Structures are given as structure tokens and as C-alpha cells.
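Asks: So the chains spell out like this:
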Amino acid sequence: MKGPNVRALALPVVAALLVSGVLGVQAANGGGDFVPARAADPCAARTVSSVSKGIDALGERLVLIGLDGAACRLGVSREALVLDLAQPGEPTDAQVDAVRAGLLEAVDEMNADGTLPPASDLVDEALNNANLNGLLEFGIRALPDSVINAALKTDDVMRRAINSLDLRKLLGDLNDPNELTDQINAAVTDAVKDSLVARLKDLLPG
Amino acid sequence: MRRAAVPLLALTVGVVLADSAIVTLALPEILRHLGGSVAQVAWVLIAFNLMLALVVVPAARVCVHRDPAPLAAAGIAVFAGASAVCALAGSMDVLIAARCVQALGGAFALVGCLELLVAADGEKRGVARWVTAGVIGTAVGPVAGGLLTEAVSWQAIFIVQVPIAVLAVPAAMTIPWRPTRVVAERHRPAIAPNLALVLLSAALTAALFLVVLLLVEGWGRSPAAAALAVSIVPVAAFTARPLARIARAGPRSETAAGCLLVAGGLAGLALLPSANLAWTLAPQALVGLGLGLTVDSLTFAALRDRLPRALHGGWTIGARHAGVVLGLVILTPVFTADLRDAQVPASEAITALVLDAPLRAEDKIALAQGLSDRLAEERGRVPDLHPAFVALSLEPSERSAAARLERDLDSQLERAATQAFRDSFLIGAGLALAALVPLIPVRAPLRRRRRLRSAS
Numbered sequence: 002m003k004g005p006n007v008r009a010l011a012l013p014v015v016a017a018l019l020v021s022g023v024l025g026v027q028a029a030n031g032g033g034d035f036v037p038a039r040a041a042d043p044c045a046a047r048t049v050s051s052v053s054k055g056i057d058a059l060g061e062r063l064v065l066i067g068l069d070g071a072a073c074r075l076g077v078s079r080e081a082l083v084l085d086l087a088q089p090g091e092p093t094d095a096q097v098d099a100v101r102a103g104l105l106e107a108v109d110e111m112n113a114d115g116t117l118p119p120a121s122d123l124v125d126e127a128l129n130n131a132n133l134n135g136l137l138e139f140g141i142r143a144l145p146d147s148v149i150n151a152a153l154k155t156d157d158v159m160r161r162a163i164n165s166l167d168l169r170k171l172l173g174d175l176n177d178p179n180e181l182t183d184q185i186n187a188a189v190t191d192a193v194k195d196s197l198v199a200r201l202k203d204l205l206p207g
Numbered sequence: 099m100r101r102a103a104v105p106l107l108a109l110t111v112g113v114v115l116a117d118s119a120i121v122t123l124a125l126p127e128i129l130r131h132l133g134g135s136v137a138q139v140a141w142v143l144i145a146f147n148l149m150l151a152l153v154v155v156p157a158a159r160v161c162v163h164r165d166p167a168p169l170a171a172a173g174i175a176v177f178a179g180a181s182a183v184c185a186l187a188g189s190m191d192v193l194i195a196a197r198c199v200q201a202l203g204g205a206f207a208l209v210g211c212l213e214l215l216v217a218a219d220g221e222k223r224g225v226a227r228w229v230t231a232g233v234i235g236t237a238v239g240p241v242a243g244g245l246l247t248e249a250v251s252w253q254a255i256f257i258v259q260v261p262i263a264v265l266a267v268p269a270a271m272t273i274p275w276r277p278t279r280v281v282a283e284r285h286r287p288a289i290a291p292n293l294a295l296v297l298l299s300a301a302l303t304a305a306l307f308l309v310v311l312l313l314v315e316g317w318g319r320s321p322a323a324a325a326l327a328v329s330i331v332p333v334a335a336f337t338a339r340p341l342a343r344i345a346r347a348g349p350r351s352e353t354a355a356g357c358l359l360v361a362g363g364l365a366g367l368a369l370l371p372s373a374n375l376a377w378t379l380a381p382q383a384l385v386g387l388g389l390g391l392t393v394d395s396l397t398f399a400a401l402r403d404r405l406p407r408a409l410h411g412g413w414t415i416g417a418r419h420a421g422v423v424l425g426l427v428i429l430t431p432v433f434t435a436d437l438r439d440a441q442v443p444a445s446e447a448i449t450a451l452v453l454d455a456p457l458r459a460e461d462k463i464a465l466a467q468g469l470s471d472r473l474a475e476e477r478g479r480v481p482d483l484h485p486a487f488v489a490l491s492l493e494p495s496e497r498s499a500a501a502r503l504e505r506d507l508d509s510q511l512e513r514a515a516t517q518a519f520r521d522s523f524l525i526g527a528g529l530a531l532a533a534l535v536p537l538i539p540v541r542a543p544l545r546r547r548r549r550l551r552s553a554s
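Protein chains in written order, with the numbering used here: chain L, 2 to 207; chain H, 99 to 554.
So that you can see chain H by itself, here it is in the shape it has in the complex (with noise of 0.2 Å):
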């Protein structure tokens, strides 16, 4: 048990940290599965972010004074019920309010790893895991959910993280904890990496959730789809490392090097020219090796030489899911503000292909009728237009061109969603440009001058 315990907690640190964004790909299941309004399942994301930035420091507070490994254990058994509560929830309410005790047992579970990691591992092993499997879990989070959402259900999500957690309890506590310098060393926290992690994350909440958003609900592809479209920013964050290690340029050149890459991706996500998956990728693969290059670089830069350990992690974590709510707060205003904008242009142009459409006068006015109907189900939603089509009775001779404006008319969908989304991807490129602000090495000018001054 000894052995697996590194790996299960550094597994439970990924688990904990993909649940931010893991959810995402769901949400439409779970909104047809619960019921409730669009702001309602909105909640099930920002609730556990929110929660998490809130309750993690406190959670490192404790952790400090006491032994880390029956908290952690405490914190990872929390965290799998929690989860399988959410798993069996019935109600939008009780599924907000499940993820919201997730959070609370995921910070007791994270700043206690992170703990348990150096105990285990050493100091710098110990942090590297930490970081480096929070940085896989956030990246991952998107993918996993969407194929388990596609291959079983949106309660799969939170089934398998149960035994992940279940494993990870005892793996924690069989981990021997001393503590040291505890008492005797307290540096405040780092606040540069912080801020930059902060605006980092709000800047990636535009590339981790409203890229599936516009996938899914934008482009009406499938869940497993989208999901393997944005499977290419954990493989390009994945191959960051290494890169990173070839280039040797050190943490401050990586972390600007991130976030021209994350600001570039987020440009060129609203820079698309087609509705095409493949568009998608480089941009994707840009923010991957952004997200990659960045966000264990900051974490380092926080963490380094600074005691206690657990509050320092806690800070990171803290920074990068109040970045996360940041982000949500910012852009969920701008793109469901946009997508409701994007329904004047859509009709306008959807009405004019049915208008000019080489069909029958009377299919013309009944396919007019379908649409009508179609949109008002939807509700504000992209529609499905399929249904209208296949009510239909066309003649043979039809059939062609009533394929070719079924194809159009999804089009100028896909356009107008697409152009929904763009702003909200160029303020994630601002945001992300806005994280190198606090990196500006403002304080070594200030520090030489004082030195000069001191010395004259």
C-alpha cells in the first residue's frame, strides 16, 4: 500500500483539480436530466470553483498545525461521498449543494497531499508532483467528462472518482508526517505568481469551458467529439515539460513564453474561418503548451523556499479557482449576452435562404413553420433544425435542395454561434496578457535604487 500511496494521492491531487472544469461537456445532459434554468447549471460549475478558493486557505490553516495525513483522508473520504451524493443527485439543488461539500472535503484533500507528497518524496519530487498532476487533472478535466458523459452518463463523472478516493484513504494515512520549521518560519505569500495565476486562470476558463460550449451546444457536435477536438491541450501541456526542460530558458522567460501562447490561442479561437473541428486544434494546441509552460511555473514561483508549505499551496489553489470564478463572472455575462444578440443576424440570414430556397411555395411555408417552432422550443438555445426538415412531405425532385439549405442554414447557425463566442475568447487573450502585468520585474530597479541611496 506504501508504494501506490505517491501515486494514488498524486492521482487523487488530479482528480480533485479536473473537477473544476470536468463537468463542462455535461451540463446540457444535466440540464435536460434535472431540469432548471441555463444560470441554475451554471451553479454546478462556479459553486465547486467557488467553494474551493474560499475554503482552501482556512483548510491549509489547519493543515499546518496538525498532522496533514488523517486531514487528508478526511478531506479525500469527504470529497468521494460528496461525489456520489452528486452522482445520485435528483435536484439541481442538491446536486449544487453536493458539489459544494466536494470542494470542502478537495481542499482538505489537496493541501493535505501536497503535505504528504514531500513527506513521501522529498521536497522538490514531492511539490513537483503536486503541481505537476494539478496541471494534468486541470487539462484532462474536459476530455474525461465528455467521453464518460457520450460513453455512459453524466453521473459516470462523479461514479469513478468514488474508487480513486476510496483507494486514497488509506494510502494516506499509511504516509509518516514531521513536522518541521512549522513554527519557526512563516513567509507571506508570493504575490506576483498569485495575481498572474489569478488572470491566468480566468484567461483558461475561456479555453477549457467555452471552447466545449461552442463545440457542443455552438456546433451541435457530440460530447465524445468535442472531447477528442480538446484531448490536443492536455497532449500539447504534456509535451510543455519537456520542452521547456530542452529550451533552459528558467521559470520567468517560460511563464511570459505561456502566456503569449495562452493569449494567442484564445485570439486565434476567435479568429476561426470555418466551423470545422480541425480549425480548432492549433489554437487549442497553443493554449496546451501555454497552460503547460505557465501555470507550474507560477505555482513553483509561489511555492519556493516559502513555509508553511500547505498555505502556500493553499494560496495557489485558492488563485487558481478564484481565477476560474473570475473568469466564469466575466464571461458568462459577455457570450450569453452575444448569443442572444446572435439571434437577430441568425433569423435574418436563415430567413432569407428559405426565402430564395428552390423550393415549393407551400414547402417554403411549412418548412418556415417547422423552423418557428423549432426556435421557440429551443428557447434561446442553438436549435436543431433536423426535425423540421424531416416533417417535410417533399417531392423527389426536392429532396437535393432541400438538403443543400439544411446544410446552409446550419451554417449560418454555426457562423452565428461562432461569432457569439469571440468576444469572450479576445477578453480570455486579454486576460491572459494581463497575467504577465504582475510579472513586470518592477521591484529589483526599486530595490537597487534604495541599496544606491542607502550607500551614498
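The following block holds chain L by itself, in its conformation from the complex (with noise of 0.2 Å):
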């Protein structure tokens, strides 16, 4: 009697064991874990590194360390932000001032450890890009860093930058990379144009 009870429960019994072997190996081999990787916390410092060299390396920083800040204050993740600019049509005002106020901030961040690069840094790649009278470019390249480094800051620059930015314009030209550039140096020229006057003018008396 005891037999046949026996052999009845046995395959059952088998078959669980066999199921819980393989679940018990892919369990401890990270079954269950193979999801995508899940959207950093924006709100949490991030380690900004770039291959670029010069101003584009800068603006890379600037960019990766400003949409963290955009996307801390809108509450969303960085990707979800950079998803949602990347559709067509016009960005919200809500994300336009996110990401003026996560530039400004990521200025403030840089310059406070000492990554902003000083401005005679950028000069010689600026005026490569620039379309300059050809003395002129030989006189600006020609005066010492200190002079240069005394006349222009970078983060006053890149500060006056961001605020004259048609950023609502900008986001909605993301896919044209020739747009974006342009709007880009006009309003990094328009910067050191206005840092230059403001700066003389604190040197003028009165």
C-alpha cells in the first residue's frame, strides 16, 4: 500500500524540487533585477565629465549640471526633462525658467570648485569661431592672460549669456545643431560685449 502513495507523491515532489533548483540559481544570479537602469535623483550631487576639449567641454558641463537643476526644481528626472524638451513643439514656461535658473545655478556650482576655466583659457578657441577683423584678433591675441583674465570673467560672461538667451527659442531648435550654435555665440559675443562695457565702465570714475 505504502508503495504505490509513495511513487504517487514521489514525481510531484521531484518536479518542486527540480522548480525551486532553478529558480533558487537565476534567484541568486539576479532574477527578477534585469529591469532597465533605473533615472538618477536629479536633486543629488552628479559626477559632470566631459571628453571635449575648450568651450565645448564648458558648455557640455554647463549643459549636463544645468539640466539636473532643471529637472530637481520641475520635479521630474533629467531624462524625463530632456525626453519632454525633445518633442516637438513649444517648451512650457515652467521648464524655460527651470533651465535658465539650473544654468545660472550650474554657473554659480563651477565656479565655486574652481572648474570654470579663466577666460584667457577660451580666448584663442573664441576668436577661431569668431568672425573678427584681422587686427583686432591679432591685438586680442597678442595681450598677456592677466589683462584678458582682468577684463573678462567666465562666469560673468556665461551668466549675461544665459539671461539674453531666447531659451524658449532654443529649446524649440534642439534638433537644428547649426541654429543652436549660432543662437549660442551670438549671445556668448553679446556677453563679452556687456562684461567689457560694464567692466570699463567700473573703471571709469564716477
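Please keep in mind that the hints were generated in silico from the structure rather than gathered at the bench. Predicted model, so just to flag it, every value in this text is computed and none were measured. We put the CB at the ideal spot given by N, CA and C, even for glycine. Watch out, some of these pointers could steer you wrong.
[Claimed, not checked] Pairwise CB distance ranges, derived in the manner of DEER restraints:
id: 1; chain 1: H; residue 1: Arg276; chain 2: L; residue 2: Gly25; range: 27 to 37 Å
id: 2; chain 1: H; residue 1: Val488; chain 2: L; residue 2: Ala102; range: 32 to 42 Å
id: 3; chain 1: L; residue 1: Gly22; chain 2: H; residue 2: Ile289; range: 33 to 43 Å
id: 4; chain 1: L; residue 1: Asp203; chain 2: H; residue 2: Asp482; range: 50 to 60 Å
id: 5; chain 1: L; residue 1: Arg39; chain 2: H; residue 2: Ser491; range: 26 to 36 Å
id: 6; chain 1: H; residue 1: Ala489; chain 2: L; residue 2: Ala46; range: 29 to 39 Å
[To be verified] Take a look, some chain L residues computed to stay more than 10 Å from chain H by CB distance:
id: 7; residue: Asn112
id: 8; residue: Ala113
id: 9; residue: Ala143
Using the supplied hints, reconstruct the complex from the two chains, each of which is provided in its own coordinate frame.
Replies: The structure is reproduced here in C-alpha cells:
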């Protein structure tokens, strides 16, 4: 009597053991955790790096830190904000304000941690990209770094450029890199001029 | 011809039942070739199974009253003709209509072959051949379809069925049939094993249909690689019978163990640790063992000592294919909705990787543009990101970083697809466990109580 009962139970027991073994091995190897990576908290500090050099590197780091700040303000992930901004159509007022505030915060952060390069480091590259009179260009290149750095503060130029940028238009043109570059170059050129004028005004008496 | 008739008829049973899942791996190719929507292409599967589930019992009733040889021969001929039309179909509508006709012919072929195999080999061996051919056909279907699609084309799936069926038509006519006890005895359909077959077939839909979709569409493997991976199911199903014979545990024990194995295998598929094909083998082997232990035990239980045989055979086929349709109806909306939902975390994971990639800013922007175009082109399907990388003009120093990024992005897509199929596999596991419920022996105590009451 015992034999058939044991035999009847044996097969389901072996099946249960086999299943437990397979599921156990899978669980021990991360079964169930094979899911897409979660977006990081944009309000937490993130190490931002760039393989680019000069102005490109500065711009990239600024944008990456700024996006974190903007996403943190809006209460969304950095990735969700980027995907939303990449959609056709105009960004919302809240997005434009958050991106501007994020970029300004990024300038402050980089200025505070000493990762904002002095203006003299960027002049050569800026002159290469600018369409200036040859004589004027030669004159600026001849200026010592100390003079350039005394005349132009990178953080001031960046803040002026960010404040003057038409971010709504800029964010609407994300798919057109040439238009994007033109807008940023124009804003930076204006910011350099304004910064120099402001500096001169400070130097003049009264 | 007479000697070859039995293997040919058994092969025909296997081919007809393989057709239930044979086109699974070919669906992306069919969609590309014939156009139409994903919902339409799903009907290439659903139409066959639904039609077979609906017509097999009426077909069996016809076979009970008439000589099954000409009916089986006619059914096989219709199946062969419809298979040829499937291969030549120039539109999705024609293909779906031809699949319906295939199922109609297949229904007569299946129940007719049951009677003819019993007439040729006797009750026990004839039924055993019919059941085993069906189990093997069901398990081999996706593998055969995948290999034919990869090696030749999706049309080849239907073309190879034609000569088998053409040979089986005269084979059916060579077996003499004598009606026995047909009118005198009529048993009611066996509800418990048929209900268990419905639920188990619905669960097996997750294993036989969704696994190949995950491998081909989700992980981007070739149909041949997917076919090789899923071939573990028929191999395991094959080994289940000898193992059961050694264990001599009885059909109830075999069925219980089989349901546990199918449920466990599907749970294993829901908990894959990576997109490496090797991880799918053990869970699929469990499913295959479960398939081998349950489907024939349940079919035998539904057929044993019940007359008319063809009618009860029809009920088992109807139950199995109603189960497939039930599985598709339950699981298709779940995994399509989960695939849609998976796009958000996948897109965010891809965006994070691109933003933080060690590439020049201009390359990141160009890549983001290319990836966005790929996603738009694939319209909700899991995209192939490689063209976006090919289009980049990278510095030599960036190439290794780009290659690493591409691998990482593909991994995120695989993770998203795997996660999207998880709920469907778990539902399948639940259905396999639910198949145990009709098998709980509730009637025995009731009968005993009644007997005691009448004695007192």
C-alpha cells in the first residue's frame, strides 16, 4: 500500500525540487533585477565629465549640471526632462524658467568648485570661431593672459549669456545643431561685449 | 502503401497540430512581406486555433456516423490545398482566410486519423500514436517554423506541409474501418481533464508563443538562434515519457508534476537574470518536461473508455485549441501594454547613457537624433539601434567608447523587453497552477458520502 502512495508523491516532489532549484539559481544570479536602469535623482550631486575640450567641454558640463538643476526644480528626472524637451512643440514657461535657473546655478557651482576655466583659456578658440577684423584679432591674441582675465570674468560672461539667451527659441531648435550654435555664439559674443563695457564703466571715475 | 499509412497518418496529426504555433517565429517576416498591423498578424495565429477549436467537435460528430477514411482524406486534402494558398498569399486577408480553411480541413484530418489509427493498430496503440504525434507536433512547431523561416522563407513553412499531406490522402484510404459500438454507447465528455487541458494549453501559449517573441523581437536574436533555443522544449517533452514510465507514478501524479513543472518553468522565464539564451534553457526544459507529462496524460484521461472515440478526441483537440485562443486573448493585451509601458523606462535609461557617454558633445547630439529616428521608424517595436551608430562619423579614439555605448543601449532594450514579458509569463504560471484545480478529486468523497447515506 505504501509503495504506490510514495510513488504517486515522488513525481510531484521531484518536480517541486527541480523548480525550486532552477528558480533558486536564477534568483541567486539576479533574476528579477534584470530591468532597465533607473534614472538617478537629479537633486543629488552627480559627477559630470566631458571628453571634449575648451568651450565645448565647458558648454557640455554646464548643460549637464544645469539639466540636473532644472529637473530637480521641476520634480522630474533629468532624462524625462530631456525627452520632454526633445518633443516637437514649444517648451512650457515652467521648463524655460527651470532651465535658465539650472544653468545659472551650474555657473555658480562650477565657479565655486574652481572648474570654470579663466577667460584666457577660451580666448584662442573663441577667436577662431569669431569673424573678427584680422588686426583686432591679432591685437587680442597679443594681450597677456592676466589682462584678459582681469577684463573678462568667465562666470560673468556665462551669466550674461544665459540671461540673454532666448531659451524658448533655443529649446525649440534642439534638432538643428547649426541654429543652436548660432544662437549660443551670438549670446556669448553679446555677453563678452556687455561684460567688457561693464568693466570699462567700473574703471571710469564717477 | 499500407505499411507506410500509419506513420504517415501520425505525421499528419503532428503537422496539423504543429500548425497551431508553427508561424510564431515567422510573424515578423510575414508582417514585413504582407504589410498590415501587428493586431492583424496576430490573427494568423488566432484564426487557425479558433477555427480548429470551433469545428473539431462538429467534425468529430460527422466522423462518428460515417466512414472516417474518406472524411480524413478529404480533410487532409483541404488542409494541403489551404497550406498551398497560405504559401502563395499576397495579402494578410488571404493568409488569414486560408488559415481558417486549413483549420477546417485539419479538424477532419485529426478526428479521422484517430479512428483510422485505432482501426490499424488497435485501441491502445492507436490512441497512443495519435496522442504522442500531437504532443510532439505541438512542441516541435515553433522550432520547425523558425528554422524554415531562417533557412528558406516563411512560405516554406506551408510548402513543406503539402507533400506530406498529399501522401497521407491515399494512405488514409488504405485503412479499412469497421464501425464498433458506435450507436450503442455514448459517454459524456470528461469535463475535468478537458478543462485542465484548456487551462494548461493557455499556460503553454506563454511558453510556446511568447518565448520566441521575446527572443526574436525583444532580444533581437535570429529566428534560427531562437529555434535552436526553444528546441529544448520538444527534447524535454520527448524524455518525459520514458521518465514517467520509470517512475510509474500514475496519470494523476504525472499531471500534477507536469502542471508544477510548467508553472515553475514559466516563473523561471519571468525571472531571467540576463538576456543570455543559456538562461532560458532550464526554464524551457521544465516546461517541456511538464508538457510531455501532462498533455498526453490528460488526453488519455479524456479518451479512456469513452465512446464515440472520435468525438472525445475532438473534445480534447477543441479544449487544447480553445486554451491556446484563451491564452492569446489573455496574454496578448497584457504583453503589448507592458511593451508599450516599457518604452518610458527604456527611453530614460538610453537617454541617461547617451548624456553621460564619453563622446564629444556634437556626436552625442547626432546620436540622439539617430536614435530618435530609429524609435520613430520602429513604431512601438523594439528598435535596432545599430544604424544610428553606423551613421556617426567618429574620431578613431571614440570608436571603442561608441561600441561600448551601443552594447549598453542594447542591454537596456533587452532589459526593458524582458521586463515587459514578465507579467505574461507569471500569468501563464498561474494558469498552469489553475489547471491543477479541476484535477482535485472532489467527487470521490461525495460519492463515498452518498454511498454511506444510502447504506444507512
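Asks: When you take the CB atoms of Asp203 of chain L and Asp482 of chain H, is the distance between them in 50 to 60 Å?
Replies: Holds, since Asp203 of chain L and Asp482 of chain H (Cβ atoms, about 58 Å apart) stay within the stated range.
Asks: Taking the Cβ atom of Arg39 of chain L and the Cβ atom of Ser491 of chain H, is their distance within the range 26 to 36 Å?
Replies: Check passed, 33 Å falls within 26 to 36 Å.
Asks: Over 10 Å to the closest beta carbon of chain H is the bar; see if Ala143 of chain L clears it.
Replies: holds, 30 Å
Asks: Is it true that Arg276 of chain H and Gly25 of chain L lie within 27 to 37 Å of each other by Cβ?
Replies: Violated - the Cβ-Cβ distance for Arg276 of chain H and Gly25 of chain L, about 56 Å, lies outside 27 to 37 Å.
Asks: Range first: 29 to 39 Å. Now tell me if the beta carbons of Ala489 of chain H and Ala46 of chain L are that far apart.
Replies: holds, 35 Å
Asks: Val488 of chain H and Ala102 of chain L, beta-carbon distance inside 32 to 42 Å?
Replies: holds, 39 Å
Asks: Between Gly22 of chain L and Ile289 of chain H, is the Cβ distance one that fits in 33 to 43 Å?
Replies: holds, 35 Å
Asks: Grab the minimum beta-carbon distance between Asn112 of chain L and chain H and tell me whether it stays above 10 Å.
Replies: Asn112 of chain L clear of chain H: closest Cβ-Cβ about 21 Å, beyond 10 Å.
Asks: With d taken as the least Cβ-Cβ distance between Ala113 of chain L and chain H, does d exceed 10 Å?
Replies: holds, 22 Å
Violated hint: 1 only; the structure is consistent with all others.
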